[in-house]
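Student: Turn these sequences into a full structure, and let the hints steer you where they fit.
Same order as they appear, the protein sequences are chains A, B and C. Just remember that the working numbering sits 284 ahead of the position in the first sequence, which is counted from 1. Just remember that the working numbering sits 17 ahead of the position in the second sequence, which is counted from 1. Just remember that the working numbering sits 21 ahead of the position in the third sequence, which is counted from 1.
These are calculated hints, taken from the structure and not from any lab test. From a predicted model like this one, the values you see are computed outputs, not experimental measurements. This list has only true hints and no planted wrong ones.
Think about it this way: if two alpha-carbon atoms lie no more than 25 Å apart in a straight line, the pair counts; the simulated SDA-like pairs of lysine to any residue are:
1. C:85 with A:574
2. B:35 with B:50
3. C:365 with A:601
4. C:85 with A:470
5. A:309 with A:644
6. C:365 with A:577
7. C:365 with C:117
8. C:85 with A:573
9. A:309 with A:625
10. A:309 with A:634
11. C:365 with B:66
12. A:534 with B:75
13. A:534 with B:83
14. C:365 with B:116
15. C:365 with B:117
16. C:206 with C:308
17. A:534 with B:76
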Amino acid sequence: MTAPERDADDSDQADESAARLRALKPIDCDIHPPTPVMAELLPYLDDHWHEVMVSRGIDGLGLASYPPGAALSARPEWRGADGRPGGDLDLLRREALAPWNTRLAICHCLHGAAAMFSEDMGAALARAVNDWVAAEWLDREPLLRASILVSPRSAELAVAEIERCAADPRFVAVLLLAGGEMPLGRRAHWPIYAAAARLRLPIGIHAGSDFHNPITNVGWPSYLVEDYVDQAVIFQHQLLSLIGEGVFTKFPDLRVVLIESGFTWLPAFLWRATKEWRALRSEVPWVDRSPAEIVREHVRVTLQPTDAPPAPEDLARVMEQIGAERLLLFSTDFPHWQWDGGAVLPAGLPARLLPRIAVETPLETFPRLRHPAVPPRAPAIPIEGFAP
Amino acid sequence: MTRHVVASVGEIPPGGRKLVAVGGRSIGVFNVGGAFYALLNRCPHQGGSLCLGERVGLVLSEEPGVYRYTRPGEMLRCPWHGWEFDIRTGQSWCEPRRLRVRTYPVSVEPGEALVKGPYQAETFPVTVEADYVVLEV
Amino acid sequence: MSEQVLERARESETRLGIVDCDIHPMLRSETALLPYLSQRWREELTTNGLRTRNPFVASYAVPKATPALSRRDSWPPSGGPPGSDLDFMRAQYLDPYGIETGILQVLIPSGKDQRNPAFGAALCAALNDWQVAEWTAPEPRLKASIIIPAEDAEASVAEIARCAGQRDFVSVFISARTTEPLGRKRYWPIFAEAERQGLPIGIHTGGSNGIAKTPSGWPSFYFEDHFGDALAMQPLLTSLVLEGVFEAFPGLKVAMIEGGFGWAPSLGWRLDQHWARMRSEVPHVKHPPSHYIRRQVWFATQPIEEPAERRDLRALIDWIGWDRLVFASDYPHWDMDDPRLAFKIALDEAETRAVFRGNASAAYRLA
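Tutor: In structure tokens:
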């Protein structure tokens with residue numbers, strides 16, 4: 285499985301872009317530590333939940349969206365000796381941080397706590413995962429930051445977890461799965477957005493599903509590759525929900541980041557959404573400006589997968605259409621297999637956009653990135669008014 | 018620009034409208050709260066018969082779930098794609114600067130002034146006792 | 022683009038003799054179908070009535086923007102809903118626009134979505150007979166699509182076989198929202214029969230399959246619901262490609278109707294990218310997905326894309342291929358496209374001929 289052949293010119297250009305990227309010391313907005321198994325989470329559960337997990341033999345809560353052995357889940361060289369996607373911290377440092385001179389990388393821990401039907405179990409596991417991320421990853425590697433995993437099934441419990449983790453400024457976003465039980469714009473979710481906006485945490489919507497609904501609105505696909513391609517449409521429905529329900533009117537400070545969603549579908553989606561709005565505005569009168577404007581202001585998207593057209597000049601055109609200098613966030617999506625060799629930057633990505641994509645837009649999108657990392661186990665401190 | 022008598026005032030009560038053919042154009046004349054306005058019967062979007070559309074209010078909202086119903090009958094919704102136009106200005110609500118429908122000056126003239134002429138050949142019977150809607154095209 | 026250029030384009034379209042791939046005829050009333058049903062199904066229709074996975078007796082699950090989904094000036098003066106009066110359709114649409122061929126897509130009632138499968142099959146047959154008797158026979162410009170109870174492949178094959186001999190029928194109709202993605206094996210007998218008969222499948226947005234309108238549950242507003250129907254086309258096409266329908270049926274033609282087309286290039290890029298890496302899972306897909314799409318899929322133009330910059334419309338069509346678009350109006354629905362004014366870019370003579378006429382001849386069994 286290799287990328288298309290590259291000629292000498294392409295290689296030179298790729299090397300040049302890579303060198304430029306390294307010089308910028310980019311912020312990687314989407315990497316994944318290995319999904320913790322239950323044994324790793326047990327130390328982070330209270331006595332009750334510890335006993336529940338052990339007594340009931342609960343394990344294997346990795347998301348079915350990313351089967352560990354699947355090519356999608358990790359490049360061969362990005363697996364541990366046991367085949368585990370993402371391996372360990374040494375591998376992450378060597379393969380995700382070092383190659384790009386990365387100054388900061390945001391970890392999104394994809395774990396089935398987000399898909400639990402029991403609100404209480406989901407919340408307990410999410411809490412354990414977040415504590416595990418802080419102790420095993422953030423404490424041990426100062427270049428790492430993380431999103432707060434929550435189960436959206438209970439907004440109340442999710443808010444409690446967001447507020448708890450927000451005391452640690454190394455948590456820089458909230459993490460939700462793209463494929464859920466109820467469209468993300470629905471009012472039942474609003475307490476999550478209220479808390480996130482207040483705490484300056486963007487909502488990260490990441491590819492993957494809790495499987496509480498079929499992967500598509502025409503039923504269950506047969507194949508993993510099909511599931512994965514269909515993720516882009518899940519994001520489109522969710523964006524429509526956030527816009528149509530007026531989430532950005534209600535929470536003008538809220539920012540949303542689409543993570544591992546692809547972005548080349550965005551122009552046509554916005555043209556169509558704006559067309560719908562012109563016709564149907566009076567049904568959703570709180571949508572007070574075009575969807576294209578709303579997305580420009582409130583939504584950001586990570587780079588990988590690029591889903592690029594074959595001709596580089598066409599990708600450049602798509603980037604113009606979306607306003608890539610404001611919208612795009614650099615990401616490797618380590619250890620997911622999206623690109624080969626060192627080709628994290630697609631051909632056709634205009635070099636002049638690199639400083640924005642690699643550093644400036646991430647800093648603007650995740651304001652808490654500017655905060656220096658505090659020592660672990662610091663006492664909870666009020667977040668309001670902390671100086672960047 | 019020529020002036021055309023298109024209706025007696027009594028023909029178009031408040032909330033009413035009349036479609037007229039003037040100078041080769043189809044034009045809708047509307048009475049909004051006693052004042053008259055005229056719009057070309059052709060939506061700038063895709064040419065739909067705009068003046069056959071519903072007259073609706075303008076629903077505004079500062080907050081999801083709140084529907085603030087204003088200006089009843091002052092907006093025209095294109096019968097095709099539902100675009101909302103302000104009858105008074107011809108501007109589309111969603112893109113007021115870029116998209117508007119052609120409007121025409123309308124005035125009300127007493128019959129005794131009109132019988133003296135000169136007005137376009139499209140004959141419209143006038144009497145000195147009544148007032149009339151006059152369109153400039 | 023100057024007014025004169027657009028005006029010339031409009032004139033040439035009218036002279037051209039347009040092929041419109043999406044016109045919606047309507048039953049004058051539910052009783053209008055009774056003559057085409059057996060006594061058993063007349064009883065069913067007049068008692069329990071139409072029963073799908075929608076919650077209401079006589080409303081769409083999410084109410085539409087306009088009555089009968091239609092443009093407000095399309096209600097025939099003779100009475101009956103929009104699309105129910107052939108004379109009015111001629112006067113308002115077919116004649117003034119120079120429609121040479123209009124392909125009928127009957128959305129309501131949906132035979133495929135009936136919860137009583139035998140009743141659904143009977144409705145499909147009745148609708149096919151009704152199309153010929155009341156539309157294509159009296160009006161040679163109109164062509165019909167074979168309505169099939171797509172969830173029952175065997176019954177569908179039988180209905181295609183029953184109707185295919187009549188040249189009034191130029192395609193097979195399936196509404197997009199089936200209970201499984203349309204590429205799944207259970208639907209393959211339909212593709213086999215359509216290919217055998219030389220009939221394309223016209224997949225039209227809509228249908229109710231009892232599955233949430235979004236992959237994350239049910240939305241609240243028609244603003245979402247309307248677009249959601251178009252979004253269904255992407256996983257549908259993805260399924261056709263990755264299940265290997267195009268590989269297994271290289272002669273099958275598919276038209277995607279009323280979903281627009283702006284989504285097609287980026288879906289092709291995304292499919293190609295991930296197929297390249299994950300293709301060992303789908304060894305039956307021997308070529309890149311975009312290869313199949315360019316070979317066997319057409320996209321109806323409505324609702325036309327309206328990019329902020331008009332040149333991007335040309336870019337979209339360049340990416341899809343000028344041979345892949347077939348004009349559709351969607352008359353008499355509210356979001357229909359006027360053939361003269363829908364394209365906000367000027368098309369040259371060859372492009373106009375292709376989009377408004379020529380491509381449909383390649384896709385459909387016309388003449």
